[in-house]
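*Asks:* Between the sequences and the hints, there should be enough to build the whole structure, so can you do that?
Protein chains: 4
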Amino acid sequence: MSPVTVAVAGASGYAGGEALRLLLAHPEVEIGVLTAGSNAGELLGRLQPHLLPLADRVLAETSSETLAGHDVVILALPHGQSATIAEQLSDDTLVIDCGADFRLEDASDWERFYGGRHAGSWPYGLPELPGQRARLAGARRIAVPGCYPTVSTLAAAPAIAAGLVEPDVTIVAASGTSGAGKAAKPHLLGSEVMGNASAYGVGGVHRHTPEITQNLRLVHDGEVRVGFTPLLVPMSRGILATVSAPLRRDVSAEEAREVYAAACADEPFVHLLPEGAWPQTQSVLGSNAVHVQVTVDVAASRLVAVGAVDNLAKGTAGAAVQCMNLALGIPETTGLTTIGLAP
Amino acid sequence: MSPVTVAVAGASGYAGGEALRLLLAHPEVEIGVLTAGSNAGELLGRLQPHLLPLADRVLAETSSETLAGHDVVILALPHGQSATIAEQLSDDTLVIDCGADFRLEDASDWERFYGGRHAGSWPYGLPELPGQRARLAGARRIAVPGCYPTVSTLAAAPAIAAGLVEPDVTIVAASGTSGAGKAAKPHLLGSEVMGNASAYGVGGVHRHTPEITQNLRLVHDGEVRVGFTPLLVPMSRGILATVSAPLRRDVSAEEAREVYAAACADEPFVHLLPEGAWPQTQSVLGSNAVHVQVTVDVAASRLVAVGAVDNLAKGTAGAAVQCMNLALGIPETTGLTTIGLAP
Amino acid sequence: MSPVTVAVAGASGYAGGEALRLLLAHPEVEIGVLTAGSNAGELLGRLQPHLLPLADRVLAETSSETLAGHDVVILALPHGQSATIAEQLSDDTLVIDCGADFRLEDASDWERFYGGRHAGSWPYGLPELPGQRARLAGARRIAVPGCYPTVSTLAAAPAIAAGLVEPDVTIVAASGTSGAGKAAKPHLLGSEVMGNASAYGVGGVHRHTPEITQNLRLVHDGEVRVGFTPLLVPMSRGILATVSAPLRRDVSAEEAREVYAAACADEPFVHLLPEGAWPQTQSVLGSNAVHVQVTVDVAASRLVAVGAVDNLAKGTAGAAVQCMNLALGIPETTGLTTIGLAP
Amino acid sequence: MSPVTVAVAGASGYAGGEALRLLLAHPEVEIGVLTAGSNAGELLGRLQPHLLPLADRVLAETSSETLAGHDVVILALPHGQSATIAEQLSDDTLVIDCGADFRLEDASDWERFYGGRHAGSWPYGLPELPGQRARLAGARRIAVPGCYPTVSTLAAAPAIAAGLVEPDVTIVAASGTSGAGKAAKPHLLGSEVMGNASAYGVGGVHRHTPEITQNLRLVHDGEVRVGFTPLLVPMSRGILATVSAPLRRDVSAEEAREVYAAACADEPFVHLLPEGAWPQTQSVLGSNAVHVQVTVDVAASRLVAVGAVDNLAKGTAGAAVQCMNLALGIPETTGLTTIGLAP
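Protein chains in written order, with this note's numbering: chain U, 148 to 490; chain P, 148 to 490; chain D, 148 to 490; chain G, 148 to 490.
Do not take every clue at face value.
For chains that are exact copies, the list does not tell them apart, and a pair is met inside one copy or across any two.
Said to hold, decoys possible - In the SDA-like style, the derived pairs of lysine to any residue whose C-alpha atoms are separated by at most 20 Å in a straight line are:
| # | residue 1 | residue 2 |
| --- | --- | --- |
| 1 | LYS332 | GLU189 |
| 2 | LYS332 | ALA424 |
| 3 | LYS329 | GLN228 |
| 4 | LYS332 | GLY192 |
| 5 | LYS329 | GLU208 |
| 6 | LYS332 | VAL398 |
| 7 | LYS332 | GLY423 |
| 8 | LYS329 | ALA187 |
| 9 | LYS329 | ALA424 |
| 10 | LYS332 | GLY184 |
| 11 | LYS329 | GLY188 |
| 12 | LYS332 | ARG354 |
| 13 | LYS329 | LEU311 |
| 14 | LYS332 | SER185 |
| 15 | LYS329 | LEU190 |
| 16 | LYS332 | HIS353 |
| 17 | LYS332 | ASN186 |
Worth flagging that the hints you see were computed from the coordinates, not collected in a lab.
*Replies:* Shown next as C-alpha cells:
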C-alpha cells in the first residue's frame, strides 16, 4: 500500500511540531509539505530542533496551493485562518483542523466567544463521544477538540450519562503553558510562570466553555450547566481537570467507579486508574492516554472526577492522528502510544 | 522596652525556618532557643543556609525544659506533638501552635480526620474572621490555621456572609510542595513534582476540609457544605484557591466586587485586586498578603472567587507573627510585609 | 523470528522504568520478568503509572532465579548489587548493567571513588568510542556508561582526538534530578530543587570523573586531565555539559566545526547542530540523541563544546537498548528515536 | 532628618520592580516619581501586582524632566538609554545606572561588545573590589555591575589576588530567566525554559565577558584571561557561577578556604559557607547575600570556586541600594537583608 501523504500547516508552532513528532512515528505516513506564516523560508531544524529527521526541511508559505495534492492536510493555525484554506482544498482531501474554527455547532456561541462570522461545524474529533466513531469514519473534514474540552468531557461525561449527578458541572483545570502557543506574550514568559500559579478566563468567559457544554449535551437530554475555571501552572505540558457535580441520588464511590470502568472498558486511550490512585499529568506526557479517577464526597454530596491529558498530544495533535486513522480506515491506535514520558 | 523573646520549636523544618525568617525582620523580637527533633545538636547554618544571621546557632532538643523562659514559644512540630509540650509551659507564655492539634473545636471532626484523642481547641489565629481579633488580644494559646483553610476561607467568606451564594462551596486549591514539609517522601521528589500536576485527598478526605467548614459556619447560621480538592503543582510555595458556589439570587459581578471590597476595606493583609486582574501566587511570595478577586458566572449561575497566599508565610508562619502581635498588643502588621517577591 | 525476551531488574526505579518505556516500543522484544527490591510483590501500575501496558504486572524479587531464562537481563540496581547476580546468570545470557559496577577498568580508581572490592570491568557501552562497536558485537556482558560521562565524552572527544586542544578538560554539567534516582532524600525534594541551582561533588570527587578520564584516554595517548563539576538544576531530565580546553594551536571555529562534523558524520545518535544553534536538553528528552555544538573562544584561547543528553534515555536506558541491539546483531537504532519531546 | 527621595526610571521592568521592592523596605527613603516607556500612563498595580503599597501609582514618561528634583535617580532602562537622561540631570543628583552604559572603561571593549559610541565610565558599583568603597563614597554617578560579573568576580577574585591560580579563569554560570528582562521573546517563554537547560553566548561573545575581565584586572597586574559561558536554567531568579583556574603552585583546600575566609571577613554581604557546604541560589533569593565556597581539584590541578547570587537583588537592584547607601553616607547595609527566601 502506498503511504498516506500528510501536509502540516503551521509546522513551526507547538501543535504543528507535535503533529510532526507523532507523524514521524506513524508507519503508514509520509510527511509532505510543511508550511508556516512568518517563519516561511526557514529551516525546520532552526525552529523545532527536537525534530531531527526533518531538520533540513524548508518551510513553505501556508496557502491552499502549497498544501494541495496531499491525502491529508493538518491545519495547526491561529483561530480564524482555517476556513479560507479549507474551502480551497479538494473535497477528497482529509482536512483536520486543530484550531477552533469548526468546533462549535451554534453560531451564537461562536459569535459570543470568538466573534466574527461562524464558519460552520465539522465532525467533531472526540471519538469517545457516543456515536462519534461512526461520524468520523470516512469523514473528509474533522474539527479537533480543544485541549480543555477533551479532558473535561472525558472526566465528566460518564457520570452525567449515567444520571449519577445533576447536569451542573464545576470544572477547575490546571494547565501547562504550551496550550497558549508559541507567540511571545509577557505573561507567558518563563519568569512569570515559574514558581507561579494563576487563574484566567474566570467567570465562564473562556472559549472552551461552550465546547464543553456542547459535548456534555450529547450525553444528557436537556440543559447542562458548566462552570469552568482554567488555571496556569508552572509546567510546559499537561492539563489536570477536576470535575465536580451534585449527586442526584445516593451514590457510592464503588458505584461511581463501576460506571467509569464501563465507560472506559472499550476505549483504547481512556484509562480508569486503580482504586486510590489519582491522575497526574506526568504519566501521560507525549502519549494519547487520558487517565481518569472518580470518587464521591459524601459530606458535600458531590461526585468528583479528575482527568489528566497531554494538551498537545491527545489534547490536540494526538487527537488529529487518531481521527486521521479513523477517517482513513487505519486501525485507530496506529502511530500512537499510551505510554507517557515520566519522570 | 525590652524585646520579646521568642523560641522556635521545629526550627529545621519549613514552617520553623519561615518563622525565623520573619522574626529576624521583627523589630521587637529577640530570637531565643531553637529546637529540633532528629536534627538536635546540628548547626542551623547547615540546615537552613538562607538564615545567615543564625548560621552559628546550635539546635537544642525539643522539650518543655529547653523552651521554658521565653515570652513566646512558636511550635512548628509534626501534628500530635504540641499538646504535651504546651501543657508543661507556663500559662503566661504565649504558645502559638503552627500544627493542627488545637484548630478543630469538634472532637468528632478531630477523630475522623486525624484520629486519636482530641487535645481541645485554642483561639483560632485567623484575625480576619468576625470577632476574632478580640479573641486573640491577650490570648496565651493560639492555633495557627492551616494553609488551605486560610486562603479558602478568605476567598469564600464574604460571599457567604453577605448571602450572595448558597452555603455549598466547591473549592479546588493548587498548592506548591512546601506545605507537605521537609520529610523526604518519594512522591515529593523533584523528579516527581516538576512537570507534573496531580490531585490528592480527593472526595472530602483532606484534613483541612472540616477546618474550612468550621470557619465558614462563623459567617453563616446553619449548615455549610464544603467540597474541597487539593492539587499539587510544580512550585515550592504558594496556594491558589478557586472557590465557587451557586448564586442565591441574581447577583452582578459589580455587586460581588462591592461585597468583597467592603470585606477587605479594613484588612491590612487581604487585598481585592483591581477589576479584571486575577490572583497569582508569585505576587504574594514571602509576604503576609492574600490577593483576592471575584466575579459571577452568569451562565452557570455561580459566584467564583480566587485567592492566592504564600502557604508558609500568611498561610503559616506569617499568621503566627500576626497573631503574636495581636496577643501581645504590638501593632498587628509589625515585622510583616504585603510585598511579594516577584518574579 | 522469535522475539528477544528481556527481564528488567529494578523495574520500579527511574532507569528500570525508562528501560521498560523503550522496550515497549522495540519491535523485536518481549518483556519478561520484572523485579524489584523493597517493592517486590507490588503492581507495576502503582509505581510506574505511565507504563500503562504493563500496569497489571506484579514485581518479582530481584534474584538470579527470577531473572534466569531470558535472552537479555537489564540490571538497573543500586551500585554494588550487580556482580553477585551477574555471576549466577548463564554466560549465554546478555547481561546489561546500568549501574557503575563494571565500568572502570582500574581497580584503584574503583576503590578510591566507590570503595570496596573492584568487581572487574565489562565491555563499555559507548559505541561511539573508537573500536567500541566491534567490542560490543556479540558481547554477553555490557557496562552501560554513566550519564555525565556519556555526554561529556561525546562533547570532548573529537577535539582531543584531533589534537585541537590540550588534554586538560574543564567540564561543568547541569543535570536534572532524575539522575539521582527515586530514593527519597531531603535535598532532592521538589521544594529544595525548584527555583534552585546548586553545585555538588566539586573538586574532582564525583564518581563519574575517572570514567570520563578513562574514556578520553582512548582517544589520546598520554595523560588526560579532567576537572568535572556537576550542577543540579530544576528539571527532571536532561544534562547539559559545557566542555572547555586550551587550544594547542591556532584553531578557527570553522575548523573546530569541521572536526566535529566528521566525528558525527556516521553516528546515528550524535548530531552536530547547525552553526549558531546551541544544544538544549528539551530537544533530546526521551530520545537517544545527543546534540553537540562547538566553537572557539579566541580571547581565552580555548575551545568550547556543549552537549545535551537525556540522562535516563541515551544517558542510561537508551544506551542499554542500543548496546543490546549491537550485541544481538539487531540494527543499532531499532526501537530508539532521535526525536525529543518538546516543548 | 528628611528622607532621601528616590525616583525609579523603568519601574515596570524586573530591575525597576526589584529596586522598588527594596526601597519600600528602606527606612530612609521616600519613593518619588516612577517612570516607564511604553507603559507610561498605566497603574503600577497592573504591572507589578506584588508591590501592593504602590498599586495606585501612575507611571510617568521616562524623561529628565519627570525625573528631576529627586535626591537619587535609579535608571533601570534598556542599554543605551541612560546617557542622554543622565546628562540632563543635575550633577548633585545621585544617578545610579542599572544598565551597562557606564560599566566599561575601555572604549574598544564597548564598541566590540555593545556597538555604538562609548558613553564613558562611572564609578563601578562593586564595593567589594579593592579601594572601591572609597570611590563610591560621595559619588554622584554610579554604574551598577552586571549580574554575571558580580558573582563571577566575587568567586574568582580572592584566588587571583592571592596568587593561588593562573589568571586564566574558566567560568560557567547557570542563570534564571529574569536576567533577560520582561520583553517577550519566544525563547524565553515558559514552555521553552521549563524542563530545559541551554547554553548561549558561547565562545566569549557574551557582553559580560569584558566586564569580568576588567574587574579581575583590578586584583592582578597583567593579563587576565576569562572564558565565560552562560547557561539558562529553569528558574526565575538566581545565578550559580562555577569558576575554575589552574593552580600556580601546590595549594591545599584548607589554604584556599583561608584565603577566601580572609577576603570575606569584613564583607557584610559575601559569605563563605562552612566547609563541605556548596552554594545554592535558593539561599540568597531576594537578598543581597553572595554565598561562596572553594576547594582544590588535586587531580586536575585546579582551584574551583562556586558563587550564588540573586541576579535581580545583589546582582542589580540590591547593589544599587548598597551603592546609594555608600554614596550618601548611610550605613552600607541599610534596607538590605542577607536572608534569602527559601524554600
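*Asks:* Next, verify each hint and record whether it holds.
*Replies:* Hint-by-hint comparison with the structure:
In the homo-oligomer, the alpha carbons of LYS332 and GLU189 lie at most 20 Å apart only across protomers (18 Å), although the nearest pairing inside one protomer, at 22 Å, exceeds that limit. Taking the shortest alpha-carbon separations for LYS332 and ALA424, only the inter-copy value of 16 Å comes in at or below 20 Å, while the best intra-copy value is 36 Å. With identical chains, the CA atoms of LYS329 and GLN228 are at most 20 Å apart within one copy only, with a shortest distance of 17 Å there and 30 Å across copies. For the identical chains of this complex, LYS332 and GLY192 are inter-copy neighbours only, at 19 Å across copies versus 23 Å inside a copy, given an alpha-carbon limit of 20 Å.
Taking the shortest Cα distances, LYS329 and GLU208 sit within 20 Å of each other inside one copy (18 Å), while across copies they are farther apart (31 Å). Neither within a single protomer nor between protomers do LYS332 and VAL398 lie at most 20 Å apart by alpha-carbon distance, with minima of 46 Å and 34 Å respectively. In the homo-oligomer, the alpha carbons of LYS332 and GLY423 lie at most 20 Å apart only across protomers (18 Å), although the nearest pairing inside one protomer, at 39 Å, exceeds that limit. Proximity of LYS329 to ALA187 under the C-alpha cut-off of 20 Å is restricted to the intra-copy arrangement: shortest distance 15 Å within a copy versus 27 Å between copies.
In this assembly of identical chains, LYS329 and ALA424 lie within 20 Å of each other by CA distance solely across copies; the values are 19 Å between and 33 Å within a copy. Taking identical chains as interchangeable, the C-alpha atoms of LYS332 and GLY184 lie at most 20 Å apart whether they share a chain (18 Å) or sit on different chains (17 Å). For a Cα distance limit of 20 Å, the shortest separation of LYS329 from GLY188 inside one copy, 18 Å, qualifies, whereas the shortest one across copies, 29 Å, does not. For the homomeric pair LYS332 and ARG354, the shortest alpha-carbon distance inside one copy (19 Å) is at most 20 Å, but the shortest distance between copies (26 Å) is not.
When the C-alpha separation of LYS329 and LEU311 is checked against a cutoff of 20 Å, the pair qualifies neither within a copy, at 40 Å, nor between copies, at 40 Å. With identical chains, the CA atoms of LYS332 and SER185 are at most 20 Å apart both within one copy (17 Å) and between copies (15 Å). For the homomeric pair LYS329 and LEU190, the shortest alpha-carbon distance inside one copy (17 Å) is at most 20 Å, but the shortest distance between copies (28 Å) is not. In this assembly of identical chains, the alpha carbons of LYS332 and HIS353 lie at most 20 Å apart only when taken from the same copy (18 Å versus 25 Å across copies).
In this homomeric assembly, LYS332 and ASN186 come within 20 Å of each other (Cα to Cα) both inside a single copy, at 18 Å, and across copies, at 15 Å.
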